[in-house]
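Working from the sequences, and respecting the hints, build out all of it.
Going by our numbering, the sequence shown opens with residue 9, and the numbers climb by one from there.
Simulated from the structure, these hints should not be mistaken for laboratory data.
Keep in mind that a hint or two might mislead.
Unchecked claim - Estimated spans, in silico, between C-beta atoms of each pair:
1) A119 / M26: 32 to 38 Å
2) P44 / W112: 36 to 42 Å
3) E64 / A89: 27 to 33 Å
Glycine residues also receive a C-beta, built at the ideal position from the N, C-alpha and C atoms.
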Amino acid sequence: MARLLIGYLLLRQLLATMGLTGVAGAAQTVRPLLAPMGEAAAQKILPDLDQDDREELRAVAAATDNIGRFFGEDVFIALGAVLLIQGFYTQHGIELSPLAIALWALPTAVAAFIIQSVRIWLYQRRLQRRAAAGRGHA
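Structural data, given as structure tokens:
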């Protein structure tokens, strides 16, 4: 399950970094594909997933998509957010190129990827501990 979600996070972030923010998303990918695949993978870990578990997994999948897009898109220099940031700084007498803004966004994107990957991994570990304990809830 963690590999699926982390792999999607990487794909989503790379696509957003290239300016392809409309290629994947909640309506096109998360609801019809990623969340059901994540649920199936989670059921292999913990066969007795209840509705709360399913909802939490769907939320993790949606958060993964949002984080991948949000932090990936600021690395693409021709995106509106980067140009908005540049315009704001220009109004305040600070000249920055879109490339400089994108390069400064890169460490944040990497950090967001690492943090969300750890969160996903910890979520999977929690399911594994519950399965090992043989009970429904932690």
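Each hint, compared with the structure:
Checked against the hint of 32 to 38 Å, the C-beta distance between A119 and M26 comes to roughly 19 Å, which is inconsistent with it. Between P44 and W112 the beta carbons are some 37 Å apart, a value that agrees with the proposed interval 36 to 42 Å. A hinted range of 27 to 33 Å holds for the C-beta pair E64 and A89, which are about 29 Å apart.
Checked against the numbered hints listed earlier, the structure breaks hint 1 alone; every other hint is satisfied.
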